[in-house]
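Trainee: Build out the structure end to end from the sequences listed, making use of the hints.
Residue numbering for the sequence shown follows the numbering used here, starting at 1 and increasing by one per position.
FYI, nobody ran anything at the bench for these hints, they're computed from the structure.
Quick caveat, the model's predicted, so the values are computed rather than measured.
A portion of the hints provided could be inaccurate.
When the alpha-carbon atoms are kept at most 20 Å apart in a straight line, the in silico EDC-like pairs for lysine to aspartate or glutamate are as follows [claimed, not checked]:
no., residue 1, residue 2
1, K359, E347
2, K117, E182
3, K205, E390
4, K117, D178
5, K312, D178
6, K261, E245
7, K117, D91
Derived DEER-like restraints, expressed as beta-carbon distance ranges [unchecked claim]:
no., residue 1, residue 2, range
8, I220, I412, 25 to 35 Å
9, R114, P416, 51 to 61 Å
10, R222, A110, 56 to 66 Å
11, R97, R222, 46 to 56 Å
12, K155, A273, 27 to 37 Å
13, R222, L288, 24 to 34 Å
14, V202, P405, 34 to 44 Å
15, V259, I412, 48 to 58 Å
C-beta atoms are modelled at their ideal positions from N, C-alpha and C, and glycine is treated no differently.
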Amino acid sequence: DYLTKGQVNSTLLSRSIRYAIERKQAGDELRKYANRLEILHRIDQAVLAAQSPQSIAKAALDHIRRLVPCLRASLTMFNFEAQEATVLHVDTERETRLGVGTCIPLKTFASIDRLQKGLVLEVEDIRSLTEPTPVEEAILAEGVNSYISVPLLVKDDLIGILNLGGSSPSFFLPEHVDIACEVANSLGVALWQAQLFEQVHVGRKRLQVLAHRLVELQEIERRNIARELHDEIGQLLTGLKLVLEMHTRLPAEEVRANVDKAQALVNDLISRARDLSLDLRPAMLDDLGLLPALLWHFERYTDLTDVRVTFKHNGLEGQRFPPEVETATYRIVQEALTNVARHANVEEATAQIWVDEEKLTTQIEDMGIGFNPKVAMEESSTFGLIGMYERAVAVGGHLTVTSNPGKGTRLIAELPLRDRLERREKRRSV
1 DYLTKGQVNS TLLSRSIRYA IERKQAGDEL RKYANRLEIL HRIDQAVLAA QSPQSIAKAA
61 LDHIRRLVPC LRASLTMFNF EAQEATVLHV DTERETRLGV GTCIPLKTFA SIDRLQKGLV
121 LEVEDIRSLT EPTPVEEAIL AEGVNSYISV PLLVKDDLIG ILNLGGSSPS FFLPEHVDIA
181 CEVANSLGVA LWQAQLFEQV HVGRKRLQVL AHRLVELQEI ERRNIARELH DEIGQLLTGL
241 KLVLEMHTRL PAEEVRANVD KAQALVNDLI SRARDLSLDL RPAMLDDLGL LPALLWHFER
301 YTDLTDVRVT FKHNGLEGQR FPPEVETATY RIVQEALTNV ARHANVEEAT AQIWVDEEKL
361 TTQIEDMGIG FNPKVAMEES STFGLIGMYE RAVAVGGHLT VTSNPGKGTR LIAELPLRDR
421 LERREKRRSV
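Mentor: As structure tokens, this is what we get:
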């Protein structure tokens, strides 16, 4: 009516239209922000309800793609001690070479220093990179042309990254980065706590398995000792008794032969008793130290298994160490080589031990069939691996096992030398 009668105020009309547009835009922004808050709240609820790092990652990635319409989302956890990263979860509709459980060397991440500072890494166009990393080449093959990596920090420590991949160059808007940072902030602490809980749970389970197996091994050892005493040493003593009883009834010309037979039985008896004692614990470990005991063990091990041991050492010659460290090192070497003989299917293994002011480091390596250490530690049958781990921890050290099927195995045990540390501290204080 106003338009037809020419009574409209054009200034008022344009202002009203502008206000209406602004209200509409504000309403859209408000609804958008409310939707964002609702999904972030759902992520927080899902994270709180989850019981493991894997379920936390899955819950978070399921929701974040509703806020950021990316082609690919993933969570990768860092292990700086092992110098590797592991893909915890992936949310993508494409086939991927970087699936759950994929291990990636940390050196592959060229911008890890930036991530450790808490800064977001954004690559707007992977195709423009002169030297893309293997990871970037892999996601490019999936159709990802740009990506952002947001650090997961706990107390300023980098524990992993949240990765979002876009289908086109310069895909991510500033608000997408803000959303990813919000999610990463809550995920970092949640994943860290879940990992701690999982480690405690796994550690408790290991201790239960260890305690059960210790009782079993104690009974097996007692049974073996009883059998050895009865079948071997007992028979020799019985034979010796019979020879001595016959001695008084033999003619003079046969006495010498009977004495020789008795001496042979005594020598055999001494040998069997010595073997039994060495199987329980080599006396030379206490009397002569770690190096002579290991040299003896390597020679005996090769005679029994036909597996040669190449031994290199530095700092062992003429040295004695705390008894608990010598015992732990000897038993770890013994068990590691036993595993090589049983499972590696090789003819040679390498043992290296070196000593510095702070620790004694042992490395056992073979180029055999290998295995998955994580799976092995979770299986109740791998008492040997768990036992070595517990021996290292018991003296304040730690043990790491690096292995892959078909690529051999490397075991490294680092045991602290507290007496040397104490002497060094005393020298500093003087």
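Trainee: Give a verdict on every hint.
Mentor: Status of each hint after checking the structure:
1. With a C-alpha separation of about 30 Å, the suggested pair K359 and E347 falls outside the 20 Å cut-off, and the hint is violated.
2. A C-alpha spacing of about 17 Å is found between K117 and E182, which places the hinted pair at or below 20 Å, so the restraint holds.
3. Taking the CA atoms of K205 and E390, the gap is about 13 Å. The hint holds against a cut of 20 Å.
4. Distance restraint check for K117 and D178: the Cα-Cα separation of roughly 17 Å lies within the 20 Å cut-off, and the hinted pair is therefore satisfied.
5. About 54 Å separates the Cα atoms of K312 and D178, which puts this hinted pair outside 20 Å; it is violated.
6. Between the alpha carbons of K261 and E245 the distance comes to roughly 13 Å, so the proposed pair stays at or under 20 Å and holds.
7. Between K117 and D91 the alpha-carbon distance is near 26 Å, which puts this suggested pair outside the 20 Å criterion.
8. Against the hinted window of 25 to 35 Å, the Cβ-Cβ separation of I220 and I412 comes to about 29 Å, which satisfies the hint.
9. The hint said 51 to 61 Å for the Cβ distance between R114 and P416, and at roughly 34 Å that hint is violated.
10. Range check, R222 to A110: about 58 Å between beta-carbon atoms, so the 56 to 66 Å window is met.
11. Take R97 and R222: their Cβ atoms lie about 53 Å apart, and the range 46 to 56 Å holds.
12. Here the CB-CB span from K155 to A273 is close to 58 Å, at odds with the stated 27 to 37 Å.
13. For the pair R222 and L288, the supplied restraint of 24 to 34 Å holds, since their beta-carbon distance comes to about 28 Å.
14. For the hinted restraint 34 to 44 Å between V202 and P405, the CB-CB distance of approximately 22 Å leaves it violated.
15. Judged by the Cβ atoms, the range 48 to 58 Å given for V259 and I412 holds: they are separated by roughly 55 Å.
In this structure, the earlier hints numbered 1, 5, 7, 9, 12, 14 are contradicted, and the remaining ones agree with it.
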